[in-house]
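Participant: Just so you know, the sequences run in chain order S and E. For reference, each letter of the first sequence is one residue, going 12 to 401 in my numbering. For reference, each letter of the second sequence is one residue, going 49 to 232 in my numbering.
If you're looking for bench data, these hints aren't it; they were derived computationally from the structure. Cβ coordinates follow ideal geometry from the N, Cα and C atoms, glycine included. One should not assume that every hint holds.
Said to hold, decoys possible - Partial list, computed: chain E residues near chain S (C-beta under 8 Å):
1) 114
2) 137
3) 223
What the hints assert, rightly or not - DSS-like mimics (lysine-lysine), calculated; alpha carbons at most 30 Å apart, straight line:
4) 133/E x 296/S
5) 14/S x 193/E
6) 14/S x 133/E
Each chain is listed here by its residues.
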Amino acid sequence: MGKRKGIESSIALADAAAMCRVDGISAYPITPQTHIVEHLSEWVNDGKLDAEFVPVDSEHSAMSAACGLSSVGARTFTATSSQGLALMHEILFIASSMRFPMVMAVANRALSAPISIWNDHSDIMAERDIGWIQLFAENGQECFDLTPLCFRVSEDKRVVLPSLLNFDGFIVSHMIEPIEYWDQEQFDAFLPPFEPQIRLDVKNPTTMGVVGVPEIYYETKMVHHDALRKAKAVVKEGFAELEKTVGRKYEVVEKYKADDAEVALTILGSLAETAMTAVDNLRKKGHKVGLVRPRLWRPFPDEEFIEAVSNIPVLGVADRAYTFGAAHHPVASEVKSVLFNEEKRPKVLEFVLGIGGRDVKVEEFEEMFMKMIKVKDGAKPFGIEYVGVR
Amino acid sequence: MLEFRFHGRGGQGSVTSAELLAVTAVADGKFAQAFPSFGPERRGAPLEAYARVSDEKIRTRSKVYKPEVVLVLDYSLLAITDVTKGLKKDGLLIISTNQDVEQVREETGWQGRLAIVDGIKIAMKHIKRPINNTVMLGALIKASKCVTMKNMEEAVQNRFGRIAKINQNAMEEAFDVVTISEGK
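The shape of chain S in the complex, shown without the other chains:
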């Protein structure tokens, strides 16, 4: 087992990507992701990593170059955030439709305007439908562990799709915290060399990215959707192998004190950790509260989620982004649609919080749970509550 050290999560994530022996990195710096690509450029510059580092003029170019790198069979990594992810938008669909199994780390950050460098999930929720595998890391250790997991799943012959690893900007990206490194041998055993099935090769010419006439486009999308839905099983296999490798257990739907919970909260990302402190505090007072979080956001693990919440009378869903003009915000919308046809389902209450870097205190999570408990005890359900908004 590697060494446990106090280190910034971004640096650890970059180290993990380097230890995955990536062949190609194309990236454009953007706060709060910058430290990742800066550190990877050091790996390459210092001669410690034999990879092509492609500095580009924008994120649109970064994603385009990443597609190019992946098309020739390079294990490809990039990272971005917020406006950078938004600028990649059109190429993100191309990366997944052309089945490039690259990995991208996204330090989640609010979208402009007004300009905000701070954390929420508006960047990733706007890219929900890009056809990539999407996971959430809640802390620095998970950023480190899930980077090789993403490559392993993406490159699996049953999947061949890009993966996107979300982690909260600043709250995780800039946090110094204890992270247990894997040894290089553990990386190599967990993640075998990348063997692409098709690659651009001058000796064996092939064409990629051709026109999809109406006779074939629909089927191409069907195959893509089907592959993404089936990727869940491969993610689960990867989690099991990861547990064998380093002893840490991951689930597509994570539960915290949820098995006997009467009231539970669903929230994505690192604020789940703050919410755990609230759960612990309320459990000490005798309240049966817990958390249920889909770690895997795409493909959405609906079966596991339904099973996890079906016996819980009241479920709160905390969104960290708006779906402007919609009746429900993105995570609540997903959860409600997944549960709608179930005979046994919780009453769903909705919250919005932590927008644009607004801090969320343990006490605020405790207040949310107490409001949910009142509904469980018979109070009238409330509409969407915007926690802490002035």
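Since the structure of chain S is provided, determine the placement of chain E on it from the hints.
Facilitator: Chain E alone, transformed into the frame defined by chain S:
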């Protein structure tokens, strides 16, 4: 769990002190966090950095509102910042100053445990620059015993390389000469 708040000005190394504290605590086998008050950092502008140290896994990711320890790198901040805001009554205030205990108590109104050291003087002696972040870590270790000096010296070595030695010397002097006044 102990929570720390560092007050300094951009360029003084407050964020680095918080980071060194967390790195050392992890090396000591504990759990720790360090983070800046997220946002653009400007040289000379007041800023805060935070740290948490615990024997158990730390889950809270909100800012620090009720610290056990406040460390002030720049005395001039007292005129514009309430450095004792939220500081627990049985907490510890550490200030870099050339004033004496009575003057600092009058200036801050703080009646609890107080540690003072002339950090700039020690920095000028060893580092030849008015950068007192490592100096004040010496005072912090003496007054709070939250991390070991041995692992802090190693963290300073890893962080500063060829200028590590002068920083370690400055840190050790502050450890030796810091004045600790118990609270009322």
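Participant: A separate judgement is required for each hint: does it hold in the structure or not?
Facilitator: Checked hints:
{"no.": "1", "hint": "114", "result": "violated (11 Å)"}
{"no.": "2", "hint": "137", "result": "violated (19 Å)"}
{"no.": "3", "hint": "223", "result": "violated (21 Å)"}
{"no.": "4", "hint": "133/E x 296/S", "result": "holds (29 Å)"}
{"no.": "5", "hint": "14/S x 193/E", "result": "holds (25 Å)"}
{"no.": "6", "hint": "14/S x 133/E", "result": "violated (38 Å)"}
Checked against the numbered hints given earlier, the structure breaks hints 1, 2, 3 and 6 and satisfies all the rest.
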